[in-house]
Amino acid sequence: MVFVLLGVSIIVFTLSRGFPSAINPLGQYITPKTRPEDIEQIKKIHGFDQPLPIQYFYWLRDVFRGDWGYSFWAQGLPTNEVFFSRFPYTVELAIASVILTVVIGLPLGIISAIRNNKIPDHISRIIALTGYSTPAYWFGFILQLVFFYYFFLWGLPHLPSSLALSQAFEGTVPQVTGIPVLDGLLAGNLGYTMDALAHLILPAVSLAFISLGYLARIIRASMLEVLRQDYITMARSKGLKERVVIYRHALKNALIPAVTLTGLFFAGLLGGAMITEYVFAWPGVGRASLLAINQQDTNFIMLYTLVTAAIIVMANLVVDVAYVFLDPRIKY
Amino acid sequence: MTSKRVRTSELQATIADLKFTLYMLSKNPLVVIGSAISIFFVVLALVANLIVDPAVANQFDFQRSYAWNNPVINWGPLAKTVGGTTHPLGTDGYGRDLLQMMILSLPLDLRMAFVIVTASATFGIVIGAIAAYAGGILDEAVLRITDIFFAFPGLVLALVFAALFGKTIDTLTIAVLLVWWPPYVRLIRGQVLAEKEKAYVEALRAMGAGHLRILFRHILVNSIYPLLVQATLDIGGVILTFSALMFLGFSPTPALPELGNLASEGITHVFDAPWLILFPGLTIILISLAFNLVGDGLRDVLDPRLRR
Amino acid sequence: MTKNRTILAVHDLRVNFHTYRGEVKALNGVNLKLYEREVLSLVGESGCGKSVTALTTLGLLPENAYVIGGEINFKGENLLKKSKDEIRDLRVNEIATVFQDPMTFLNPVLTMKDQLEEVFMLDENALKKAAAIQRSQGKPLTYSEFLSEKTKQESERKVKSDLKVSSGDVKKMAKHLCIEVLRVVKLPDPERILKEYPFELSGGMRQRCMIAMALARRPSIFVADEITTALDVTVQAQILHLLRELRDTIDASTIMITHDLAVAAEIADRIAVMYAGEVAEVSSTREIFRAPLHPYTELLMRAVPNVKKPTESLETIPGTVPDMIDPPSGCRFHPRCPFAMGICVKVSPRLEEVIKDHQVACYLYS
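Chains as they are written, first to last, in our numbering: chain A, 1 to 332; chain B, 1 to 308; chain C, 1 to 366.
Calculated from the structure, these hints are not laboratory results. Some clues are possibly wrong.
List time: in silico DSBU-like cross-link candidates among lysine-lysine, alpha-carbon distance up to 35 Å [to be verified]: (1) LYS150/C / LYS113/C; (2) LYS252/A / LYS113/C; (3) LYS172/C / LYS241/A; (4) LYS81/C / LYS241/A; (5) LYS113/C / LYS27/B; (6) LYS241/A / LYS308/C; (7) LYS27/B / LYS82/C; (8) LYS241/A / LYS356/C; (9) LYS241/A / LYS19/B; (10) LYS252/A / LYS33/C; (11) LYS186/C / LYS252/A.
Just so we're clear, the structure is a prediction, and the values are computed from it rather than from any experiment.
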């Protein structure tokens, strides 16, 4: 795992600092408040006077000390702060999307498998694959168009199209977790929570629509595989009701690959669904990373990449461990 | 080595196999529809430059930008309408007819998709197959490197690469390539590792066949199916990724006729010119869906356990 | 031997499978009778239709199978005309099956307790009655008592309608019966076994568990589909021994499907020899071995090498098993039969009783 992260960091570092088109990284460690006389000193501390490979180790040391420099595009705030203040919003979106994906994708896949090659299968296949084929940016905008604009035109109650929270509610509740819906619930403030939820719906649906297709296909394939097995015939021969056969015998076996997939998917979402966040002006790390890339804010890019890579790697480990619990045959 | 008779019977077996595959595919109505649509778009892409004069892409007329001129549908109060030539799907930000621009964008998008899929698949398969077959340190190394690339979230790598190296078609192609090759390594590894242990490989070794020959002529041929499925599914995925890059502003030229690029023009005018986002998007969905239907159907059919 | 009643009668059963390469005519008019309390063995080569016959009776045929004609009469009713729920009911109470490979036929992610208990839980009323009896008699209920309770059920059906038995008691009864039935199949330490997963047990133990699952239903018909095929010879012997012992305990008829004549000889009262989707010969085990009538049966007997008689070469039946998509006309055995006559090619012979209690489908005798 460490190796992978190191590898990632080397690649990003090289890309960020190793090319002439990259901007002067020094700007990353200076804020408007820095005094000109300190610049030489700062240069030395972070090793800018050294050749690139040596710079890497300086940077590595800085990272271990928690010093990620500053993000000059975010009013000169430390990169850490910029990242972690936005992270909870991404988490909120990720959790909501995963819940929707599973709630809709799971039954879709199961039905597809049970009624294999009949009408319900075809319908769910189209839904699943359409979701899978839809560009994230497009669907987000369409949702906004319909639920925000046209609903408004037609006089229907409409959903907000951007941000995580309406202006009016900002800061009215203590930020315990940073996740708006949770904070609202914890504070017992129903209005706040409802507003947060209203803002959450469209982006979550947008993300979920695309991924539920994938989940449904995986579950379908998995279920079909399981339903072919001898022990399913055995279960039926015992005289068990078909529903019991499917939910008690088949599903438990079929779910294993689906669980791992969902876990990895969730981890990926924690990395910020860049495009969806961009479309909905969602204040998460995904959108921030886009801005950072455009402005060549290498510090942020590196922090972002490393954190999300770490999440993905950890998720892989967690999923492997989960496998051991789900399938009694596996022992490490 | 292999006698002519053996080779022809191998050929016959492959043809029979192919016939069976096509038969099974034709039984699924969705796959048939998907294939039809895919073929339609490929053909359209091939003749696109004949139907629509590419020069049209450079004829800007800002008087007619974001306009709509279609007798059938009405978009509401905010949409601007314009007289003269009909624009069945409206105009874009440069006053060009949207339908024409969409047709012109097909060769680019489809060509990119095929090139990227072929290149990333080839690259991934070759290094993955060699690594898995050789085993040992080489395998470990390739696995680790692939893991590293897998760990990059979403499009970050592609975007950073593109931001650094400029926005030309070539750099964008490489950028997307960087993100798409790892899955092939994993796929082919799984296949080769399983095939390696099988009896026929041992038999071939005993006959004196060289490693490369065994790997590429035999093992790979047997493992081709899941790769084919993945490649077909990836065509849709690559189109999505590529157009997403365009959408985010990484287009070489702002006026490039490309589906994602056209859609990005529409962001600022979502409410008063919704067709700009709507139709290019629908087209992408359609193309992607068509290839995905074929790939999905192929996956069902090529499952070796279902073949009787 | 007094003739018992017929419990299952298969009459002219025809089943086809629809595949890519054509219609597989798996069963071509199968005629069988199963009597009460007997062990009938269905013997034949792989692909001759023995399992298909059993699966059709159970209603467990795969999707691409079609019953084209015939009847299956169980206790007087035609099973082919019953609804899915009625058939399912039969699987719960009347016909229990044990399959060939206990590794693949047991669910790998459920414990033995889960898989065995659920069989008992299918009939909650029975469990309630059992719990009430156990309570009234003051000592734990044994499996044989549970078994005899079932036959009593028929006549004393509505006697105790208001049983004060809690759901907790029902579950405890189920668990108790699991342990009891595992003891019946001679498994040591039943409590431990219940906690294990299938892959943690040996092949023989798994097979005994499968038999236990069948016994749990107190069936009238016990179908054993090649249950010894996947086992070592020694374990095979143990299982057959167990089955012979159980014969006296359980009051059921058994259909023993096997391709191994030796197994049939060990345990069957009557043997039905099947070939290519048809029944060739049916008689008592003794008769079949003493004086086989059908050429196929005779050749089959000769193909089994005798340990006592030294030979230089093994005898085989010339030719190969027929292609069931395009089977031979008339009698399906005629291409391989040393006695084939003109009529054998044209018309399929019917199964007829040529000696008392001995039926053959062959023109040599009719």
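Verification of the hints:
At most 35 Å may separate the alpha-carbon atoms for a hinted pair to count; LYS150/C and LYS113/C meet this at roughly 23 Å. With a C-alpha separation of about 16 Å, the suggested pairing of LYS252/A with LYS113/C holds against the 35 Å cut-off. The straight-line distance between the Cα atoms of LYS172/C and LYS241/A is roughly 22 Å, inside the 35 Å bound, and the hint therefore holds. In summary, the hint linking LYS81/C to LYS241/A is supported, as the alpha carbons are separated by about 19 Å, within the 35 Å threshold.
Between LYS113/C and LYS27/B, the direct Cα distance comes to roughly 43 Å. Violation of the 35 Å bound is thereby established for this hinted pair. This hinted pair does not check out: LYS241/A and LYS308/C have alpha carbons roughly 52 Å apart, beyond 35 Å. Only pairs whose Cα atoms come within 35 Å are accepted, and LYS27/B paired with LYS82/C is accepted, the gap being roughly 32 Å. This hinted pair does not check out: LYS241/A and LYS356/C have alpha carbons roughly 44 Å apart, beyond 35 Å.
Between LYS241/A and LYS19/B the alpha-carbon distance is near 40 Å, which puts this suggested pair outside the 35 Å criterion. Among the hinted pairs, LYS252/A with LYS33/C is inconsistent with the structure: their alpha-carbon atoms are about 40 Å apart, more than 35 Å. For a cut-off of 35 Å, the pair hint linking LYS186/C to LYS252/A stands: about 30 Å separates their Cα positions.
Comparing the model with each numbered hint stated earlier shows that hints 5, 6, 8, 9 and 10 do not hold.
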